[in-house]
Amino acid sequence: MKMVGAEFRGGGGGWRAMKSFGLHVLLGRWFMAFASLLIMSVSGSTYIFSVYSNDIKSTLGYDQTSLNLVSLFIDLGSNVGVLSGLINEITPPWVVLLIGAMELVWLPHYMA
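Residue numbers for the sequence shown follow UniProt numbering, beginning at 1 and rising by one.
The set of hints was computed from the structure by calculation and includes no laboratory data.
Treat the hints with caution; some may be incorrect.
[What the hints assert, rightly or not] Simulated restraints, written as ranges between beta carbons of each label pair:
hint, residue 1, residue 2, range
1, L38, R16, 23 to 33 Å
2, Q64, L23, 42 to 52 Å
3, M32, G81, 15 to 25 Å
4, S78, L23, 38 to 48 Å
5, S71, V105, 33 to 43 Å
6, N68, H24, 43 to 53 Å
[As the list claims (entries may be wrong)] Calculated pairs, SDA-like style, for lysine to any residue (alpha carbon to alpha carbon, straight line, at most 25 Å):
hint, residue 1, residue 2
7, K57, N79
8, K19, G77
9, K57, V42
10, K57, L72
11, K57, L38
12, K19, A35
13, K57, A35
14, K57, N68
15, K19, F31
All C-beta atoms, glycine included, are put in the ideal place defined by N, C-alpha and C.
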């Protein structure tokens with residue numbers, strides 16, 4: 001018969017218990033609720049662009065075409081940011097920086 005307190009003695013049992021607890025926290029429903037609220041609070045500015053687009057238009061003197069381009073790059077940046085984060089999870093950071101540098105070099109050629 002194994003005692004509950006025996007897990008926290010030497011031999012790596014404490015590490016296994018702590019790892020199990022960490023996985024329980026990360027995969028639990030309250031952490032998922034917290035993460036979804038955090039994502040919603042951070043990404044709100046892209047959804048209310050129409051509220052402050054008139055201020056951008058009048059302050060910076062943009063026409064509607066330029067404002068549409070700004071909106072496109074806001075949406076593109078929020079979507080590509082997820083992809084670069086996923087790439088950074090499986091590759092070293094210099095790979096993501098290299099991809100970004102290549103975009104800065106080649107993107108203006110395609111936009112001209």
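Worksheet item: Does K19 pair with A35 here, judged by a C-alpha cut-off of 25 Å?
Response: 20 Å, holds
Worksheet item: Taking only the CA atoms, is the gap from K57 to L38 under or equal to 25 Å?
Response: With a Cα-Cα distance of about 30 Å, the restraint between K57 and L38 is violated, given a limit of 25 Å.
Worksheet item: Does the Cβ distance between N68 and H24 fall inside 43 to 53 Å?
Response: 47 Å, holds
Fill in: Distance restraint between K57 and L72, which requires alpha-carbon spacing of 25 Å or less
15 Å, holds
Worksheet item: Given the proposed pairing of K19 with F31, does the C-alpha separation stay at or below 25 Å?
Response: Answer holds: K19 to F31 is near 16 Å, not above 25 Å.
Item to complete: Please test the hint of 38 to 48 Å on the beta carbon pair from S78 and L23.
Response: 29 Å, violated
Discussion item. Within 23 to 33 Å: is that where the Cβ-Cβ distance between L38 and R16 falls?
Written reply: 29 Å, holds
Item to complete: Please work out if K57 and A35 have their alpha carbons no farther apart than 25 Å.
Response: Given that 25 Å is the threshold and the Cα spacing comes to 34 Å, the pair is violated.
Worksheet item: Taking 15 to 25 Å as the hint, is the beta-carbon distance of M32 and G81 inside that range?
Response: Given about 21 Å between the Cβ atoms, the range holds.
Practice prompt. Starting from the range 42 to 52 Å, see whether the pair Q64 and L23 falls in it by beta-carbon distance.
Written response: At 50 Å between Cβs, range holds.
Worksheet item: Has the given pair, K57 with V42, been kept, meaning a C-alpha gap of at most 25 Å?
Response: It holds: about 24 Å lies between the C-alpha atoms, which stays within 25 Å.
Practice prompt. Verify the proposed pairing of K57 with N68, using a straight-line Cα cut of 25 Å.
Written response: 10 Å, holds
The earlier numbered hints that this structure contradicts are 4, 5, 8, 11 and 13.
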